[in-house]
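Dock chain B against the given chain A, drawing on the hints supplied.
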Amino acid sequence: MSWVAWLSLRLFHLVYAIYLALWSIYTRWFVSEPSSLTSVRDKLPAHLAVNLACSEDMTGDETVKEAFLACAERAVLYCRQAGIRRLTMYDRHGILLSASGLLKHRLSTADCAVQPERLKPSIVYPPTPPSSDDSDSQFSGDEALGDSVGLVTVCPELAKNEPIKKAGRTKGSLRRRSRACRISFTATPNVVVQVASQTAGKAVLASVANRLLHAAQQSSESMPGRDAKSISTTATELQYILEGANSPTFSAPDLMIVHNVSCPSRQCSPMELHAFPPWQIRLTEFFYDGAWSLRTRVLRHLADTLAPFSLLTEVEFRKALDEYASAQFRVGR
Amino acid sequence: MAAAYASSSIFRARERLVDLFQRAVVAALRTGPIPRHVAFVMDGNRRYARSLGVRVVDGHVSGYYALRRVLEILYLLGVEHVTAYAFAIDNFKRTPEEVDALMSLAQDRLIEFCEHGGVLREYGVRLVAVGNISLCPPGVQDAIRRAEEMTKDNTRAVFNLCISYASRDEITTAVNTTVNEKLASQSPTPITVADLDAHMMTARGNSPPLDIFVRTSGVLRLSDFLLWQCNEDTQIQFIRRYWPEIGLLDIIPILLDYQRKVWSKPASES
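Going line by line, the protein sequences match chains A and B.
All you need for my numbering is the position in the first sequence, starting with 1, plus 32.
All you need for my numbering is the position in the second sequence, starting with 1, plus 1447.
Calculated directly from the structure, the hints in this document are not laboratory data.
Accuracy of the hints is not assured; some may be wrong.
Each pair of labels, with its calculated beta carbon distance range [claimed, not checked]:
{"hint": "1", "chain 1": "A", "residue 1": "Ser252", "chain 2": "B", "residue 2": "Lys1712", "range": "43 to 53 Å"}
{"hint": "2", "chain 1": "A", "residue 1": "Tyr272", "chain 2": "B", "residue 2": "Val1709", "range": "35 to 45 Å"}
{"hint": "3", "chain 1": "A", "residue 1": "Thr59", "chain 2": "B", "residue 2": "Tyr1512", "range": "47 to 57 Å"}
{"hint": "4", "chain 1": "B", "residue 1": "Glu1562", "chain 2": "A", "residue 2": "Gln250", "range": "47 to 57 Å"}
{"hint": "5", "chain 1": "A", "residue 1": "Tyr51", "chain 2": "B", "residue 2": "Lys1712", "range": "20 to 30 Å"}
{"hint": "6", "chain 1": "A", "residue 1": "Val63", "chain 2": "B", "residue 2": "Tyr1512", "range": "43 to 53 Å"}
{"hint": "7", "chain 1": "B", "residue 1": "Arg1463", "chain 2": "A", "residue 2": "Gly115", "range": "56 to 66 Å"}
Below, a list of computed lysine-lysine pairs in the BS3-like style, where the Cα atoms sit at most 27 Å apart [to be verified]:
{"hint": "8", "chain 1": "A", "residue 1": "Lys351", "chain 2": "A", "residue 2": "Lys97"}
{"hint": "9", "chain 1": "A", "residue 1": "Lys97", "chain 2": "B", "residue 2": "Lys1599"}
{"hint": "10", "chain 1": "A", "residue 1": "Lys351", "chain 2": "A", "residue 2": "Lys75"}
{"hint": "11", "chain 1": "A", "residue 1": "Lys97", "chain 2": "B", "residue 2": "Lys1708"}
{"hint": "12", "chain 1": "A", "residue 1": "Lys75", "chain 2": "B", "residue 2": "Lys1540"}
To give an idea of the interface, some chain A residues facing chain B are shown, with a C-beta separation under 7 Å as derived from the structure [to be verified]:
{"hint": "13", "residue": "Val63"}
{"hint": "14", "residue": "Lys234"}
{"hint": "15", "residue": "Leu244"}
{"hint": "16", "residue": "Ala247"}
{"hint": "17", "residue": "Leu270"}
{"hint": "18", "residue": "Pro310"}
{"hint": "19", "residue": "Ile313"}
A virtual CB, placed ideally from N, CA and C, is assigned to each residue, including glycine.
The following block holds chain A by itself, in its conformation from the complex (with noise of 0.2 Å):
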């Protein structure tokens, strides 16, 4: 009897796999459309993410690096005509990441809204002193800015150190609007864009660990004769050295969206946070997408070089946003 038990799963899969199709056409066809970008909604994401993912064997390759790159202009351009402040593009193998000079200068050249600026990671460990840093040193084109701890900003907000934003009155302030001036053309908000890769996760908290116990070792050899006083973080603690209270640190994102660059192997398949930082994601929203359209699929079918990639379109972004809107947040009440 058992290979009747063994058809009768090949059946389920084959009935399985044709209720996807159809739920994949019914859901691009006959669903209504979600509301444009610039809707009023009854709530947006502060701090949105974007989680791209590739097949593992296309790591490595130029164009999917191209794809992705592609993929983040356009979250920002949506960011900002949504009214986002703050985004993150994530991707597990740190393919932004090694590109991230590359983004920032298409992201400058794109609007000039953004200067460019190197920031020091601000992830701050207690209470070693941070190890010396060349955060004096001036962004220098294509360089990779990928530092150890796997997050860059790529582009800063207008901070407290730029030009004033608003214009005041005085002969001073004049000078400061003229040099606003000069820096934004447009009225759109800026976005605030980190880039993030799968090191800024796990290996972080790894390292955090190791820096609590260099402290308390060293606390220790202050005292010789006294053993090491064992160590009682709280989590209050631990989110204020990942998250950061005062600087622009990795904190947690509202809502992520999860997309496939590369044509998933099966239709619909489950979603998946490809090592996504797991502490910021305690109450995020997750939006995700996981049909290739079909007409991408067949022209996939077709030749792989008519439709390689997937990548983040507007429609997906505003559904994102739409359920974002619609959510509910209890908090455990």
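What follows is chain B alone, placed relative to chain A:
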């Protein structure tokens, strides 16, 4: 009287048919790859109760029966580790009446789970309580201890019951424990991700990496559950039905998705 007998016979026959159907489906699914570790966020008990116009506590009781049902299906399938999010640290913010009702339910049903005829006893499942148990009332702590003692020799499978749990609390505890162990042993080696992994609460039951994470009721968040365990190669499934409504028909597509993933992997990765 004849009508009552006939009705009862029809009911028993229907139950028998449902049971046969379930076993046939399970037998078919077992011919393919089966996940080793599945986790559930049992969400939607209160909304289910409100949709039926019953008390919230009745929704939680229905949720308990759903848990029994799901555990039975999964252990029949051969899943070795099941983790369920029964009560979050944040849930203590609910009304005292509801918290008391939930704690009372946990206290009563935990022992029922482990006794003769209970799911855990029947399938040789070891219960591991995961969470900050010291926050629970003494009666619940005692029930947990007894349940763990009753099942400690079971070796066929593990049930991680997350009670008074929060993933960030788990990660923080793992960091503290790992650091303090290194301090005590004066080990010169640095702390690695694997060290933190070994100190997660789910490691108590030697649970392998999570294969499937399921959340019911249509909510699209992880809500501080198994963040460390599910962020890599875990399939995340959000299903619209409320937890008390879940059954075999909801589990089938989840299993099929898992099998499709395993079959689509290159032979070198399998």
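Outcome of the hint check:
no.	hint	verdict
1	A:Ser252 to B:Lys1712: 43 to 53 Å	holds (48 Å)
2	A:Tyr272 to B:Val1709: 35 to 45 Å	holds (41 Å)
3	A:Thr59 to B:Tyr1512: 47 to 57 Å	violated (33 Å)
4	B:Glu1562 to A:Gln250: 47 to 57 Å	holds (53 Å)
5	A:Tyr51 to B:Lys1712: 20 to 30 Å	holds (23 Å)
6	A:Val63 to B:Tyr1512: 43 to 53 Å	violated (34 Å)
7	B:Arg1463 to A:Gly115: 56 to 66 Å	holds (59 Å)
8	A:Lys351 to A:Lys97	holds (25 Å)
9	A:Lys97 to B:Lys1599	violated (51 Å)
10	A:Lys351 to A:Lys75	holds (14 Å)
11	A:Lys97 to B:Lys1708	holds (25 Å)
12	A:Lys75 to B:Lys1540	holds (24 Å)
13	Val63	violated (15 Å)
14	Lys234	holds (5 Å)
15	Leu244	holds (5 Å)
16	Ala247	violated (9 Å)
17	Leu270	holds (5 Å)
18	Pro310	holds (4 Å)
19	Ile313	holds (6 Å)
In this structure, the earlier hints numbered 3, 6, 9, 13, 16 are contradicted, and the remaining ones agree with it.
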